[in-house]
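A.B. asks: Residue-level listing of the chains:
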Amino acid sequence: MTVTREELAAYADGELDPERRVEVEATVKADPALAAEIERHRRLKDRLASHFAPILEQSVPDRLAAVVAESSGARVIDLAQARQRRTPSAALRRWGPWLAGPALAASLALALLWQAPGGAPSDRATGALAAALDTQLAGDAPIGAPRILLSFRDRAGAYCRAYRRGDEAGLACRDGGSWRIRRRLGAGADAPSEYRQAGSGEAAIFAAAQNMAAGPALTPAEEAAARARDWTR
Amino acid sequence: MAALLPRLRRFGAGLTGNLADADDLCQTTLERALANRHRWQEGTRLDSWMYRIMRNVWIDEARARSRRGQTFVAEEAGLAVGADGGQEARVELADVDRALARLPGEQREAVILVMVEGYAYKEAAEIVGCPVGTLNSRLVRGRDALLALLGEAP
Chain S
1 MTVTREELAA YADGELDPER RVEVEATVKA DPALAAEIER HRRLKDRLAS
51 HFAPILEQSV PDRLAAVVAE SSGARVIDLA QARQRRTPSA ALRRWGPWLA
101 GPALAASLAL ALLWQAPGGA PSDRATGALA AALDTQLAGD APIGAPRILL
151 SFRDRAGAYC RAYRRGDEAG LACRDGGSWR IRRRLGAGAD APSEYRQAGS
201 GEAAIFAAAQ NMAAGPALTP AEEAAARARD WTR
Chain E
1 MAALLPRLRR FGAGLTGNLA DADDLCQTTL ERALANRHRW QEGTRLDSWM
51 YRIMRNVWID EARARSRRGQ TFVAEEAGLA VGADGGQEAR VELADVDRAL
101 ARLPGEQREA VILVMVEGYA YKEAAEIVGC PVGTLNSRLV RGRDALLALL
151 GEAP
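Protein chains in written order, with the numbering used here: chain S, 1 to 233; chain E, 1 to 154.
Calculated directly from the structure, the hints in this document are not laboratory data. Yeah, the Cβ is synthetic: ideal placement off N, Cα and C, and Gly gets one too.
Label pairs and their in silico Cβ distance ranges: (1) Asp60(E) x Ser50(S): 24 to 32 angstroms; (2) Glu222(S) x Arg37(E): 40 to 48 angstroms; (3) Gly144(S) x Pro131(E): 27 to 35 angstroms; (4) Ser48(E) x Ser50(S): 21 to 29 angstroms.
Here chain S stands alone, though its shape is the one from the complex (with noise of 0.2 angstroms):
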């Protein structure tokens, strides 16, 4: 079987069907010359992203602000703010390291948070998000693996964890034996099509982690042990 240059992209980019992706992946574990040619792929994507990543932790210059703020009906910051958009509120900073991102005021007034129609998520986590709930400590991602951003108990005493998986941020919980998703936010491809702004995902799930959680968010030795223990309470 013959495979497109453009398909070879986009399976590497996650884009095909899933019929023509079973055939290509075929293809590919038979090829070592394909396989390269998609691990060129992903190391360019990866060099690309990470040589653009540092333009979103500076601030924005005041001018671009000013922009936003002095139109009319848009009073979502104002110069005052823009310029101390590095520092998040206390309640924020109880957050600790986790929050970063200079856009994280207006962006959680921004965010709108989806959760499942009903009130009632039943999405568990499988697959490569259910491995990194079950085995990832928070910021220790292997590139292209779903990132933890954090960790927590709720009320109830379960432990919930924030992640990121490319475009989705999302809250889930360890309910009997397997990982709940509480929370969701971005793209994923149930998700209704309402306004959502990939970039501010994350701040709207640490305000959500925020709201659920019982006490600060665990630190990496406790999340260590709680990994030890299987993530029972």
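Here the structure of chain S is known, so what remains is to put chain E in place on it, guided by the hints.
C.D. replies: Chain E only, in chain S's frame:
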């Protein structure tokens, strides 16, 4: 909109090749978005809408520069807009910026939208206003050119 600013700056830097031009592009984009804000449909993605405005502004400016016969060289010649703004840039032009600047604009935006901004092909195609298949092939051509320029070709 304020929350999108860091991402818009990143997209602008990808398109223009340096932060000084990116900030100018951001400013024009914000002004145009605010002036047209009644056109944004509630329930659709604000980020895609803003990105679409930004790439349109970028293309308009590239055309204007081309008409004025300034430093802009036709894409076929392998040099694109913004390739020579390096002196004022706050961030020194790196290999990646130089390589991106050599891509034709339509390949550059496809590469940036998918590989940096993380859009799905369909979303990126909607921002650019082209069919998904076209976006896919521009992405592949741009990627292959980048790999060659960055010395990562086989």
